[in-house]
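Engineer: Residue numbers (our numbering), protein chains in the order written: chain A, 1 to 289; chain B, 1001 to 1267.
Keep in mind that the hints were calculated from the coordinates and are not lab data.
What you are looking at is a predicted structure, and each value in this text was computed from that prediction instead of being measured.
Heads up, a few of these hints could be off.
Said to hold, decoys possible - Below 30 angstroms or equal to it, Euclidean Cα-Cα: the simulated DSS-like pairs (lysine-lysine) are:
| no. | chain 1 | residue 1 | chain 2 | residue 2 |
| --- | --- | --- | --- | --- |
| 1 | B | K1020 | A | K56 |
| 2 | B | K1207 | A | K56 |
| 3 | B | K1181 | B | K1156 |
| 4 | B | K1043 | B | K1069 |
| 5 | B | K1181 | B | K1069 |
| 6 | B | K1181 | B | K1043 |
| 7 | B | K1020 | B | K1181 |
| 8 | B | K1011 | B | K1043 |
| 9 | B | K1043 | B | K1207 |
| 10 | B | K1156 | A | K56 |
| 11 | A | K56 | A | K192 |
| 12 | B | K1043 | B | K1020 |
| 13 | B | K1207 | B | K1159 |
| 14 | B | K1159 | B | K1020 |
| 15 | B | K1156 | A | K192 |
| 16 | A | K192 | B | K1159 |
| 17 | A | K53 | B | K1069 |
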Amino acid sequence: MYHFDWAVLWQYLWPPTAFQDPLIRTGLIVTVVVSVVAQALGVILGLFAALGKMSKFVPFRVLAEAYIWYFRGTPLLVQMALMFFGLGVTHIYDFPDILVCAPAAGAPLLTVSAHSVQVLCNATTVDSPLILIIGAIQAGTLALGINEGAYMAEIVRAGIESIDPGQMEAAKSLGMTFAMAMRRIVLPQAAKVIVPPLGNEFNNMMKTTSLMEYISAGELFFAFNQINTRLFQPFELFIAASMYYLVLTTIWSVIQVRIEASLGERKGMERGPGMFERIFSGSFGKGAH
Amino acid sequence: MSTAQPTPRTKLDDSSIIVKADRVNKYFGRLHVLQDINMEVHKNEVVVILGPSGSGKSTFLRCINHIEKINSGHIYVNGHMIGYLERNGRLIEDNDRNIARQRAEIGMVFQRFNLFPHLTALENVIEAPVLVRRTPDEQARAEGMRLLERVGLADKHDKFPNQLSGGQQQRVAIARALAMKPSLMLFDEPTSALDPEMIGEVLDVMKELAHEMTMVVVSHEMGFARAAAHRLIFMDAGRIVEEGTPDTFFDHPREDRTRLFLSQILH
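Only chain B is shown next, with the shape it has when bound in the complex (with noise of 0.2 angstroms):
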């Protein structure tokens, strides 16, 4: 399997390369659900990946932060290695404390939110900065409510998830992940489990953040695609099956199977 590889290493030189995905797989059992996955990211750059259910696109996406394990290959996230160390040519898993502090500089938004619902907005932003960056209580406070006005949510910073709307408390958690200042935000299907009248106010926060972060998206929606993204990614059964920028992948194009699922997904 292995053809001339050059060896791995637990670090690259280019900066500007924020996410390294080098030949990931993936099994769940005996279904393969990543197959040799390449892609990079760079500083500053949007990546929306699009593919239907079950293509992997989700596992990926959660890889990349090391909530999912891989089984081979290499995710690069800042220049360093996610989740393994290597030693004598094998991965070993990394320890808790290790991995932590790389997820830091990650910030994850979930298709159910996953706030966290004993505790308030603005308690669910700050929780993080003050216990793992040991940031004071009142300047995170501050910092807090700097970031709910930005989602827009100021006035609601005392109350509780279940308080609020589906909406409301998709911008919390994306107030929550920017809390901790990160370097790349990743977004696993963030409008998903919305209401149709509520996926704009948070696809609205996506797009201002989109100017200014590097972000991959996991998402089906292709407006938010076509206006937001430098670069699209369809994956299909557990493959990148083409890339390419919003105009050309969804105008021209190449794969089939990227045709069939634009019909299908488009009407």
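Next comes chain A alone, as it looks inside the complex (with noise of 0.2 angstroms):
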């Protein structure tokens, strides 16, 4: 029979007891900006990729389709472990050292140089010091960056094709350039559309870092992963870690209305559904791609 720690629950639910664990700190720090380096660095490809593929230039549209095509069709656990250890391996690129600091509080970091998957297996059955390993991090921020790219290509490019023609005929009339045009008179409109679809992408994003747990990316799930090593209580540390996760996309609605709300009031336009709805309509419940 297992027996069921509500102690364990309650300290690594209660953030002042849980930040004590400074794995779960750093998870969270870890967490939350990963979700969002690598969600602008998927709408910046994104808009690349959506103009690519509206491009007149055949090898614009090529590489754009290619680029969705292939990371749309793998998984991104694979993606992640190839952009980590593949090219780590073959040297492309060489992921900066680890980072070992020591759990008492104001000890000063130091710096262990490693490049080898095998010190990073090491290094992470030591059980006392937290061990960052920045190349994961990094690694997993591009991984779900380019792979957050492909899906968001198809989002702009809804969005840009939402807009009438028209706009950019007049645009163009008046003396402005594509890129003028795009700029100034197409994307910001296009942003009303592209805004709703962006946001449930970045509450996926936010679950979606949970995958770089299997890179030892230090996120909060790893962290919740290691400290499960220790003590071995799974149902108290993963309801606890579920529910971090909880809110932050909580939060995350909260301000996505709230953004919303702004972009319309401009124009005037009528307001999206409301904090309610969007919480409990199960529309960010689509889970990772």
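Using the hints, build the complex out of the two chains.
Structural biologist: Below is the structure:
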């Protein structure tokens, strides 16, 4: 019979006690920062891929199509492994040193020079210090961002195509170049169409960062997994872990409603679904790509 | 097909010719929408193009600022060929920047207004001068307000397009085109999408403009054509069927096709 330890659940659920563990403190920061950076990367790549896909110039179109095809057609987890282990072992990109910091508050960070996967694996078996593998965070962020770009491409393209072609014609007739017209006329209007699905994508992104556990990137799920190897209380710990994600996505959905409302205000558009519907409609329960 | 045609040039010498179309052909797929169109518009001339729907008149107008491409022939605006460069006797599409530079000299007013909905009336008017001409913001605003005043909408300068009536939107669109100080104005059925009671206010603005600007207008407004046009062009099935002054055109049309059209449209 499994002994459900309420004390463990409470200890790791309640931030003041949970944050005493540097794994969780760092994990939360890594999850949020990686989500934001990867999403931003995804938006930029998505914009270029969308423009490439709509380009008259065939090589651009082929490149964009190939990018979208590959990154939507293969698992993110595999892409992540490819990015981390593949780039590392071929020295296409040498990931930086592993950071090791002592658990005591205020203890100095020290750096261990390590490039190979071997050292990485050895390091994670040490249970006392906090080990942050910067390279894994970089690789994870890159994989998440590039993967996201392939999905954002479709969202951005749909946004651009939702704008009346007459807008581009009018802008061109006034002497604007394609780039000017995109930047000043089409994209600002398309933003209203792009932002709601973009918000949902970011919601997914925060949850999908948990896949980085596989490459030991030190985010939230990794943190809870590490603690579990010590305590072996998976039920309590993963309930606690899930609650952290729930708090993050809920905070985001509040921010999202605000952003969408402010976008709609200037043109006097009607408001979208309220916060309550949004949280409980299941619209962000779609899971990882 | 080619008779003794002078070699096409990329420049015209006669500066009084604002628009010159030289044997312009265009296809939509297999449909030959423009068939050997030749025409000239001189400085300060107001030309109204009439014709049934599908006659190619709007398409031709859109070719003048290269919003539509042409398949053969030449169109010159302000003495320069628009949209294309000529290399070894072949037409090659010009680059975006050069086309944009030429379009900046050509104002266009659309049937559906095409105002920028995320910008106020004044912002619509000053957007291109600030972005394209790099006019200082304050100067652009002052000039923009003057233009809005001219079309009778100074008090609506901070309204968004969806807060304006159709007639008001079209007047803002005219002000927006004028803000670039174009040497030519193109009007593509500017009153077709308007409720009848709003047509007058737009035509009044256009009539006033007709005194001082070179204009090519595609329209069904016979009253405007009679009052403001120097020359009428009647198009049907991709060809220019007849052209003439308003008096001869309306009162003594030569072609049967023109007579039929006029009888249908004037009842």
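Engineer: Give a verdict on every hint.
Structural biologist: The hints, checked one at a time:
1. B:K1020 / A:K56: Between B:K1020 and A:K56 the Cα gap is close to 29 angstroms, so the pair holds against 30 angstroms.
2. B:K1207 / A:K56: violated, 40 angstroms
3. B:K1181 / B:K1156: This hinted pair holds, its Cα atoms lying about 22 angstroms apart.
4. B:K1043 / B:K1069: holds, 24 angstroms
5. B:K1181 / B:K1069: At roughly 24 angstroms apart (the allowed maximum being 30 angstroms), B:K1069 and B:K1181 satisfy the hint.
6. B:K1181 / B:K1043: With a Cα-Cα distance of about 15 angstroms, the restraint between B:K1181 and B:K1043 holds, given a limit of 30 angstroms.
7. B:K1020 / B:K1181: Cα-Cα ~20 angstroms, so holds.
8. B:K1011 / B:K1043: With a Cα-Cα distance of about 17 angstroms, the restraint between B:K1011 and B:K1043 holds, given a limit of 30 angstroms.
9. B:K1043 / B:K1207: Given that 30 angstroms is the threshold and the Cα spacing comes to 16 angstroms, the pair holds.
10. B:K1156 / A:K56: violated, 40 angstroms
11. A:K56 / A:K192: holds, 25 angstroms
12. B:K1043 / B:K1020: Holds, because 11 angstroms separates the two Cα atoms, which is no more than 30 angstroms.
13. B:K1207 / B:K1159: Distance ~25 angstroms between B:K1207 and B:K1159 Cα, so the pair holds.
14. B:K1159 / B:K1020: Not satisfied, since the Cα-Cα distance of roughly 39 angstroms exceeds 30 angstroms.
15. B:K1156 / A:K192: Cα-Cα ~25 angstroms, so holds.
16. A:K192 / B:K1159: Holds, at roughly 19 angstroms.
17. A:K53 / B:K1069: Holds, at about 22 angstroms.
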